[in-house]
Amino acid sequence: MSAATAAPGRIVVDYDDDIVRKFFLATVIWGVVGMLVGVIIALQLAWWPANLGLPWTTFGRLRPLHTNAVIFAFAGNICFTGIYHSMQRLLKTRMWSDTLSKIHFWGWQLIIVSAAITYPLGITQSREYAELIWPIDVAVTLIWVVFAINFFGTLAIRKVKHIYVAIWFYMSFVITIAVLHIVNNLAMPATFLRSYPIYSGMTDALVQWWYGHNAVGFFLTTPFLGLMYYYLPKAADRPIYSYRLSIIHFWGLIFLYIWAGPHHLLYSGLPDWAQTLGMVFSIMLLAPSWGGMLNGLLTLKGAWHKLRTDPILKFMVVGVTFYGMSTFEGPMMSIRSVNGLAHFTNWVVGHVHSGALGWNGMLTFAVLYWLLPRLWNREVAYPKMVTQHFWLATIGIVIYTVAMWAAGLMEGLQWRAVNDAGQLANPIFIDIVHRLEPFYWLRLLGGTLYFLGAVMMLINVFKTIRGPERVAAAAPATAPAS
Amino acid sequence: MHPLIEQARETIGLGWMAAVMTILFMVAYFGWIWYAYNPAHKQMWDEAAMLPFEEGIDL
Ligand code: HEM
Ligand code: HEM
Chain A
85 MSAATAAPGR IVVDYDDDIV RKFFLATVIW GVVGMLVGVI IALQLAWWPA NLGLPWTTFG
145 RLRPLHTNAV IFAFAGNICF TGIYHSMQRL LKTRMWSDTL SKIHFWGWQL IIVSAAITYP
205 LGITQSREYA ELIWPIDVAV TLIWVVFAIN FFGTLAIRKV KHIYVAIWFY MSFVITIAVL
265 HIVNNLAMPA TFLRSYPIYS GMTDALVQWW YGHNAVGFFL TTPFLGLMYY YLPKAADRPI
325 YSYRLSIIHF WGLIFLYIWA GPHHLLYSGL PDWAQTLGMV FSIMLLAPSW GGMLNGLLTL
385 KGAWHKLRTD PILKFMVVGV TFYGMSTFEG PMMSIRSVNG LAHFTNWVVG HVHSGALGWN
445 GMLTFAVLYW LLPRLWNREV AYPKMVTQHF WLATIGIVIY TVAMWAAGLM EGLQWRAVND
505 AGQLANPIFI DIVHRLEPFY WLRLLGGTLY FLGAVMMLIN VFKTIRGPER VAAAAPATAP
565 AS
Chain B
19 MHPLIEQARE TIGLGWMAAV MTILFMVAYF GWIWYAYNPA HKQMWDEAAM LPFEEGIDL
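For the record, the sequence lines run as chains A and B. Under the working numbering, think of the first position of the first sequence as 85, with each following residue one higher. Under the working numbering, think of the first position of the second sequence as 19, with each following residue one higher.
The hints are simulated quantities; they were obtained by calculation from the structure and are not laboratory data. In this text the structure is predicted, and so the values were computed from the model without any measurement. Errors might be hidden in some of the hints.
Cβ-to-Cβ under 10 Å is the rule here; a few derived chain A residues that face chain B [unchecked claim]: (1) ILE247; (2) VAL249; (3) PRO323; (4) ARG328; (5) LYS385; (6) GLY408.
Taking lysine-lysine pairs in the BS3-like style, the calculated list, with each CA pair at most 25 Å apart, reads [to be verified]: (7) LYS318/A to LYS106/A; (8) LYS390/A to LYS318/A; (9) LYS468/A to LYS547/A; (10) LYS468/A to LYS60/B; (11) LYS60/B to LYS243/A; (12) LYS106/A to LYS186/A; (13) LYS243/A to LYS186/A; (14) LYS390/A to LYS468/A; (15) LYS318/A to LYS245/A; (16) LYS60/B to LYS318/A; (17) LYS60/B to LYS385/A; (18) LYS318/A to LYS385/A.
By construction, the Cβ of each residue, glycine as well, lies at the ideal position given by its N, Cα and C atoms.
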């Protein structure tokens, strides 16, 4: 293992970077599409005529299109980009099967396209984050199995004995998403487009939020932590602060996450003890989450000066910081009394986007910008634009989340306010909805800034890959394989 | 005991299982910490932390 550092004993592997480039471009394109739909539905909430009066473009149909596009297309594709790129290098072997890699890529993109067609048509099974109808669910299962075979096949032929911590995080993603997807979608098909879940009532709700919360845990958190554990050390050019902490917080995180789903069902018909169980596990989840955040931030100890000049590190630090903020906010919101205020309000939407825009988005941008010159062996076309993107995105997130927090607190407090006679102080619901309008406009502003940043990245990427190839003069950088 | 936990115990009627699980997981957790922080393993972790920098082809 250590021999690999010595130049003569170097193992030269022909990595498959073609698949990485494919997933990379898919991330960039779907990211812009998903965020554009986000901006459109944000506009609709501020100004309803933006639904155009057509069934296909109403909020109820576009909202699942937004959530699925940003989670499964944007976040999903960056996870695959990072996994295919870093696992080959960490295990010093090419992927087990190039064919399976390609089936995975095209299959996944087809699934996304089918979602983009069915949702606007109103064809959905109405489970949040699992709206896909059963035939597409079957396709997801098959493609995921293809991915899993390739993933574990690659692990089996690895040339390095120790499995680096990032790969453990990827592994939890591969296994848990398979389990979540299958259990939550068990249903009895009635026709080609319609099916009935095998669960009913409270059991159905519990399964759905066990799935929903663990989608956050194992789609938006663990693979991203895997990315952090590989790309943050690479970008900062120093090993992770504490490897021991990384393996302890890994097991802590995956053990606790699985139990936290009931925090979505506080004050519901779920038995009280199960609600309390979910709440307690959610609060404990703060510890491993912050273990991960601190491990990331402390890696920069002694290298903070690099932040001033390196936009990639800027993206990473803000991303990891937002991870810390949303995993502090989440446990607080899981406390029954706090949830009584937050639930059903825009506070939840604020929490979601501080995690999604801050943690997932910023880390994604960092990884993309780090990979861009390396995958295509070209200089980034507009280096200054990377820093501009960073500032647009950061300001956008702040405007978005602050507006939603303020809106959510206002809503929550006004709903529960009573006058001296003990009657509701705001008995007319629509009055409170009207008071949200300025906050919705602010959110639109923040979201638009964030979206514009992503468009700048798209332009930068396409300009870069059309540019001239780097001349192999400087470092002994080998041309990317294949 | 907190009334809710008491209620949980009664509802599931399997308090012994909760107790056994708690003990098992605590043993596993502390055992894992002991393994991770055991000085004998320090070198192994230090080497593992360098894995991202040991590439065949330097990208
Ligand atoms: C340009 C950026 C974005 C804008 C303007 C935007 C806007 C919106 C809007 C208006 C909603 C509906 C809120 C409601 O129903 O009240 C929403 C929901 C949601 N968005 Fe975004 N979004 C953006 C980016 C993202 C990204 C990058 C992700 C994930 C990686 C994301 C994940 C979600 C999720 C999970 C929900 C559902 C929240 C819930 O059910 O509580 N969004 N977004
Ligand atoms: C320790 C970690 C976390 C805990 C304990 C937690 C807890 C919570 C709670 C209590 C809610 C509100 C449920 C409700 O009242 O309806 C919520 C909603 C949500 N959180 Fe988190 N959160 C955590 C981290 C994150 C992160 C890092 C992300 C994103 C990357 C995220 C994404 C979401 C989403 C998408 C929802 C909205 C679900 C929906 O109603 O559609 N959470 N979370």
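Next item on the list: For the pair supplied as a hint, LYS318/A and LYS106/A, confirm whether the alpha-carbon distance does not exceed 25 Å.
Entry: holds, 22 Å
Note to self: For a C-alpha distance cap of 25 Å, please report whether LYS468/A and LYS547/A respect it.
What the structure shows: holds, 14 Å
Checklist line | Restraint status (C-alpha distance of LYS243/A to LYS186/A at most 25 Å) | finding: holds, 23 Å
Margin query: Does VAL249/A hold up as a contact with chain B if the rule is Cβ-Cβ below 10 Å?
Written below: At about 8 Å, which falls below the 10 Å cut-off, the nearest Cβ of chain B leaves the hint on VAL249/A intact, so it holds.
Note to self: Check the hint pairing LYS106/A with LYS186/A against an upper bound of 25 Å on the C-alpha distance.
What the structure shows: holds, 9 Å
Checklist line | Given hint LYS385/A paired with LYS60/B - CA-CA distance at most 25 Å | finding: holds, 20 Å
Notebook entry, point to check: Given the proposed pairing of LYS468/A with LYS60/B, does the C-alpha separation stay at or below 25 Å?
Noted result: Violated. LYS468/A to LYS60/B sits at ~42 Å, over the 25 Å cutoff.
Check: Holds or violated: are the alpha carbons of LYS60/B and LYS318/A at most 25 Å from each other?
Finding: Holds - the C-alpha atoms of LYS318/A and LYS60/B are around 22 Å apart, at most 25 Å.
Checklist line | LYS318/A paired with LYS385/A [C-alpha distance capped at 25 Å] | finding: OK: LYS318/A and LYS385/A at ~14 Å, within 25 Å.
Margin query: Against the 25 Å threshold, does the CA-CA distance of LYS390/A and LYS318/A hold or violate the hint?
Written below: Distance ~13 Å between LYS390/A and LYS318/A Cα, so the pair holds.
Note to self: Given GLY408/A as an interface hint, is its Cβ closer than 10 Å to any Cβ of chain B?
What the structure shows: Hint violated; GLY408/A Cβ to chain B Cβ min 22 Å, cut 10 Å.
Checklist line | Satisfaction of the ARG328/A interface hint, Cβ to chain B closer than 10 Å | finding: With Cβ-Cβ at 4 Å, under 10 Å, it holds.
Hints 5, 6, 10, counting from the list given before, are not met by this structure.
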